[in-house]
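**Student:** In order, the protein sequences belong to chains A and B. In my numbering, each residue carries its 1-based index in the first sequence increased by 13. In my numbering, each residue carries its 1-based index in the second sequence increased by 11.
Certain hints may be false.
Simulated pairs of lysine-lysine, DSS-like, Cα-Cα distance not exceeding 30 angstroms [unchecked claim]:
#, chain 1, residue 1, chain 2, residue 2
1, B, K21, A, K123
2, B, K21, B, K70
3, B, K30, A, K127
4, B, K13, A, K123
5, B, K30, B, K75
6, B, K51, A, K123
7, B, K37, B, K75
8, B, K51, B, K13
9, A, K123, B, K37
10, A, K15, A, K244
11, B, K30, B, K51
12, B, K13, B, K70
13, A, K127, A, K35
14, B, K13, B, K37
15, A, K15, A, K35
If you're looking for bench data, these hints aren't it; they were derived computationally from the structure. Quick caveat, the model's predicted, so the values are computed rather than measured.
Each chain is listed here by its residues.
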Amino acid sequence: MKSAVLVFPGINRERDMARTLKLMSGSEPAMVWHADTALPAGTDLVVVPGGFSYGDYLRCGAIAARSPIMDAVRAHAGRGGFVLGVCNGFQILCESGLLPGVLMRNAALKFICKEVYLRVERSDTPFTRGYNTGQVIRVPVAHGEGNYVADAETITRLEGEGRVAYRYVAPDGTLDPRWNVNGSTNAIAGILNERGNVLGLMPHPENHIEVSIGPTDGRGLFAGLTQHFAKVA
Amino acid sequence: MKARVTVTLKTGILDPQGKAIEGALKSLGVGGVASVRQGKVFDIELEGADRAGAEAALKAAAEKLLANTVIENYRIEVLG
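This is chain B alone, in the form it adopts within the complex (with noise of 0.2 angstroms):
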């Protein structure tokens, strides 16, 4: 079963990187860029067909390590 974690960073939490992303877009003529957020992608395999269990293990997943609650949100996808 494949799954899709997304990690961003909640929102009024200052993106340094996402600045210097969107600072570079705007020098290289890119139009209509208001602004930038950089995040995190996982694409995970998971085994075994429950659904359920899946969504449970994903979710371990990303409170345990993928993400910090602190300044991160997390998605969880089951892609199947």
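Chain A with its partners taken away, still in its complex shape (with noise of 0.2 angstroms):
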């Protein structure tokens, strides 16, 4: 699997994110400027990290979304190329109009740096392949603004389609409002958009991968892009 990382002034997570995909694809991801204007030639998968991108100014995401490298990105993804989008990346996605609707302040108005547990809404997918439908997996979410909202008419299309792949969850799997950490509707983690080779997730599996850290539930995310992409090849 050939990776490319996105780096935006701001980004934090962009090393956390190219270790674990060096780790669990065994190739070196490329690091790719904003201000560059094309992907590494057979880029199989674009991540764009986690952090602060522009300070967060005027919204989340949104001066990231406007860079020159996320025409080449939504160019890859028109072209059925995949994106991977987690917490700050995860808001640049839907700025960019490559997800629909918005990750708005936390309703409990608090950063959030804990960890959560998700439902792996359907394994069926690239992004979930290497989990269960139905499994639990217990990973960090880290962010002010992931309560995700759309209008009624998308949100019906989302659960619709099966495009929520992951929900935030009590740790026995159920909906519990107590376990949805930022309010967001249905309990929404992460979505793909129509066609499903593009991710959006708040949460950062890439941080729970190695056992010297701790619990290794991210694995099965990049796990299942990484035999995609082998099958695929």
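Grab the two chains, each in its own frame, and use the hints to assemble them into the complex.
**Tutor:** Okay, here's the thing in structure tokens:
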């Protein structure tokens, strides 16, 4: 799997992401600067990492979404290329129009930095095939604006088309408002685009990979993507 | 030419920041506050004196960047 990690001013999770991609796929990702206008040839997966691009000025992800490299990312996605956005990366994908909706201030107004539980809603996508449907995984979140909001029509479409890939749940996998940490509509933590080649996710699976750190529940996402591209190739 | 773009949240969009400000105003004893919604104001200086051109530029600015029209409305004023 040939991956590229985008780097914007104010991003701070790009090295965690690069380390995880190297560990899980075996190949070093390209680090691509926001002012570049092209992705490295043969890129399978573009990753928009977490952080605080442009200091969250205007709206989270708003400025980064309009940077030159994003035209290349839109073209890549248009050709069926894969894109993963995590945390600020999810916000950037929403602002760039690659995913619907928007991530608003957390309902309780606090920045949340803790572990959460996610339910994998389906295992038949390249972004989820490393897990079983209904599997509960433990991964960290670190965000102030992760409260997913979209108009009622969009939410109905996302649910109807099975595009909610990950949802905040209680440790036993049941929906519980107390475990929907940021107040997201329908406890949505991660969504797919219509074609299924773009995923946006607020939590950080890339930080739960190595035994020396603790839980390794994040491995499934990257293992699944690596398997997908191994099969394609 | 001076202009102002005001961006406000659409009706029905939850505004936790507005709610927090509302709570603070109430705790300060400011009377008669029913609700607060927070928005943004952009004061923009435009080159040239063509009003129609200015309005078109401001609309483009608002649509492309200043407002996220999924959740926000905007209002353009050319102040002259």
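**Student:** For every hint, state whether the structure bears it out.
**Tutor:** Taking the hints in turn, this is what the structure says about them:
1. K21(B) - K123(A): The given pair, whose Cα atoms are some 23 angstroms apart, holds under the 30 angstroms limit.
2. K21(B) - K70(B): holds (17 angstroms)
3. K30(B) - K127(A): Answer holds: K30(B) to K127(A) is near 25 angstroms, not above 30 angstroms.
4. K13(B) - K123(A): violated (37 angstroms)
5. K30(B) - K75(B): holds (28 angstroms)
6. K51(B) - K123(A): holds (21 angstroms)
7. K37(B) - K75(B): violated (36 angstroms)
8. K51(B) - K13(B): Cα-Cα ~17 angstroms, so holds.
9. K123(A) - K37(B): Holds, at about 20 angstroms.
10. K15(A) - K244(A): Holds - the C-alpha atoms of K244(A) and K15(A) are around 13 angstroms apart, at most 30 angstroms.
11. K30(B) - K51(B): It holds: about 16 angstroms lies between the C-alpha atoms, which stays within 30 angstroms.
12. K13(B) - K70(B): Holds. K13(B) to K70(B) sits at ~14 angstroms (cutoff 30 angstroms).
13. K127(A) - K35(A): holds (25 angstroms)
14. K13(B) - K37(B): violated (35 angstroms)
15. K15(A) - K35(A): holds (10 angstroms)
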